[in-house]
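**Q** So the sequence lines, in the order shown, correspond to chains H and V. Take the first sequence: its letters are residues 0 to 503, numbered as in numbering that gives the first Met the number 0. Take the second sequence: its letters are residues 0 to 157, numbered as in numbering that gives the first Met the number 0.
In case anyone wonders, no lab produced these hints; they're calculated from the structure. Hints are supplied without guarantee of correctness; some may be wrong.
Stated by the list, open to error - Restraint ranges, calculated between C-beta atoms of paired labels, are given here:
1. V/Glu-154 to H/Lys-48: 36 to 46 Å
2. H/Gly-197 to V/Glu-17: 28 to 38 Å
3. H/Arg-455 to V/Leu-136: 24 to 34 Å
4. V/Pro-49 to H/Ala-91: 25 to 35 Å
5. H/Gly-487 to V/Leu-136: 28 to 38 Å
6. H/Arg-22 to V/Leu-136: 21 to 31 Å
7. H/Cys-88 to V/Pro-49: 42 to 52 Å
Quick caveat, the model's predicted, so the values are computed rather than measured. From the three backbone atoms N, C-alpha and C, an ideal C-beta is built for every residue, glycine too.
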Amino acid sequence: MHKSLIKAEFQVERDDYKCIRCRVCERQCSFEVHSYDADADRMFEDELKCVGCQRCVEYCPTRALSVQPHKSTIRPHGNWPYRAVKDICKQAETGGMLLSSTGDELHHRIYWDHLVLNASQVTNPSIDPLREPMELRTFIGRKPDQVDVQLVNGKPVLKTELPPQLTLETPMMFGAMSYGAISYNVCQSLARAATASGTMYNTGEGGLHRDFYQYGPNTIVQCASGRFGVHREYLNAGAAVEIKVGQGAKPGIGGHVPGEKVDKEISITRMIPVGTDALSPAPHHDIYSIEDLRQLIYALKEAVEYKKPVGVKIAAVHNAAAIASGIVRAGADFVTLDGLRGGTGAAPTRTRDSVGMPIELALAAVDQRLREEGIRNNASLIVAGGFRNSTDVVKAIALGADAVYIGTAALISLGCTVCQKCYTGKCPWGITTQDPYLTKRVNPEIGTQRLTNLLRAWSLEIKEILGGMGINAIESLRGNRLHLRAIGLNERELDVLGVMHAGE
Amino acid sequence: MATKAKTNKKRRRVQADENVCIGCKLCEVACIVAHSKSKNIIRAFNEETPRALSRVLVEESKPLTFALQCRHCEDPPCTIACMTGALHKDPVTGAVLHDREKCVGCWMCVMVCPYGGIQRDLREDKAASKCDLCLELDEPACVAACPNAALFVVEDED
Chain H
0 MHKSLIKAEF QVERDDYKCI RCRVCERQCS FEVHSYDADA DRMFEDELKC
50 VGCQRCVEYC PTRALSVQPH KSTIRPHGNW PYRAVKDICK QAETGGMLLS
100 STGDELHHRI YWDHLVLNAS QVTNPSIDPL REPMELRTFI GRKPDQVDVQ
150 LVNGKPVLKT ELPPQLTLET PMMFGAMSYG AISYNVCQSL ARAATASGTM
200 YNTGEGGLHR DFYQYGPNTI VQCASGRFGV HREYLNAGAA VEIKVGQGAK
250 PGIGGHVPGE KVDKEISITR MIPVGTDALS PAPHHDIYSI EDLRQLIYAL
300 KEAVEYKKPV GVKIAAVHNA AAIASGIVRA GADFVTLDGL RGGTGAAPTR
350 TRDSVGMPIE LALAAVDQRL REEGIRNNAS LIVAGGFRNS TDVVKAIALG
400 ADAVYIGTAA LISLGCTVCQ KCYTGKCPWG ITTQDPYLTK RVNPEIGTQR
450 LTNLLRAWSL EIKEILGGMG INAIESLRGN RLHLRAIGLN ERELDVLGVM
500 HAGE
Chain V
0 MATKAKTNKK RRRVQADENV CIGCKLCEVA CIVAHSKSKN IIRAFNEETP
50 RALSRVLVEE SKPLTFALQC RHCEDPPCTI ACMTGALHKD PVTGAVLHDR
100 EKCVGCWMCV MVCPYGGIQR DLREDKAASK CDLCLELDEP ACVAACPNAA
150 LFVVEDED
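Sequences and hints are given; from them, build the entire structure.
**A** This is the structure we're talking about:
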């Protein structure tokens, strides 16, 4: 036994005058920070265990608690910030990889914050979305190169057979989060909110629980390298199929759900034994080339009888543009790009923070490449990776996206405070856990309402911004980079993003 | 029992949804405050002695938890067992109420309640303690305090 040098990251302060010893904090903390000593009638805190999730702070009925970054620090050093020292101590203690959750948290530039939007003044009128119709409807899928129309009895009739399309009432969908990573109640909330909002949620790679087949028309089912829960009925239960090649938070690495999270229901859904680790291989073992990918795309299209769009999701990596071009040529109906800031339930911290690239750059590069090759209409472009608000979404659409996935933002609306401990399976907010005592914390009724509200609020804001630009349909903004200007970016960045600097 | 005397139109009570009860016991805290003298949470707990009793109790057998209080039965055994008439069914609201003045603390009600909805109040004058549905409030305090909408008021039409 020797002294542990793992540092406390948070400090818990209790106002003893306000504390009524109700022990709500103790019951709410899944990391067992709080304890009560009946003899002394006192509460005690073990700060080393605190993850800073704020559950106790929010639930304390007298607001007697505050949790903040620990005040202890070391002598400041440019190359050796406290965080670097803490990580080294932890690894010296455990000998293991650092694990983390959520997306990249380093200070990589967030390009959305360096982009500004246009508005109409004088020469073209802005539109008031409260008075005039505003169209957010979005179609995801392959668009024909040209459309033939025939006049029948003086009325135009479409001759061209349209490939299968997803119809979204708003250009936002809930990103891939698997049943296993998140709880049954959260899956249910996402499914119901997507249905209520006329959009889609994505099953992630964990299969689809039987109870959720009823939400199939609003479900994108995923087929990942582990093939968990993939069977014909599953593929046909959803409205579209997405082949997951990569994830923005951990490009090059497969998913990992620890065996402790694999209970009976998850085992049935994933088609694996109870208690076994659900490890997705890093690659698809049947895909080593674009040609192999094409085989899987068409195998899935056969399985769904060409009635549903089949897309491919990749992490935004250096050659994303060339890879996306290959994916489109391989027959994908949509391409999903997941950026560096995309979330995860578990990833090696170093991979999470340093592998991949911000979605803004990848999106601009891919859209540009597909346009140059004349194949942009062959697939829709869905982007994901840390979308925080409606203007991020508007900017993404102006940069060339057809729709965005929101994942972390959706979980935040359910209570997530981004404490990044999803991988422990002890989520105090009941979101990324399978512990039946904790999963009850998300009431699907409330969850559905909050998610629906979030999409509604963002949609209203998007309409307001579109109106200000004098645009009455999101379709008119798509890929219209003239509506964007940059602030504080260098020429190379402007070049990659394909936008002019403000003032130009 | 062949016929039941119909004394009220509605049977009002607080019900718990055990699927979303998170066992935080904030309902108990709110009940204590609602039945305190000061109605101030810090004073009710830290200054008032004796402290008010919670009339709702969270039953726990983890992971299962749910809050339980008087069911305000249609035909309440406690009112039959009560020798002084302290426990009575209010003909207007249908609530099973407890008159502390009349209570002698025999606790037969505690014995006969099939739900464990009545507790012994060991303070001062010894009496029974049970849910009064917070009739003076818009909504029972426990229902208002539940952070996860696991408690709600149900009313049956007779």
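**Q** Looking back at the hints listed earlier, which ones does the structure fail to meet?
**A** Those not satisfied are hints 4 and 5.
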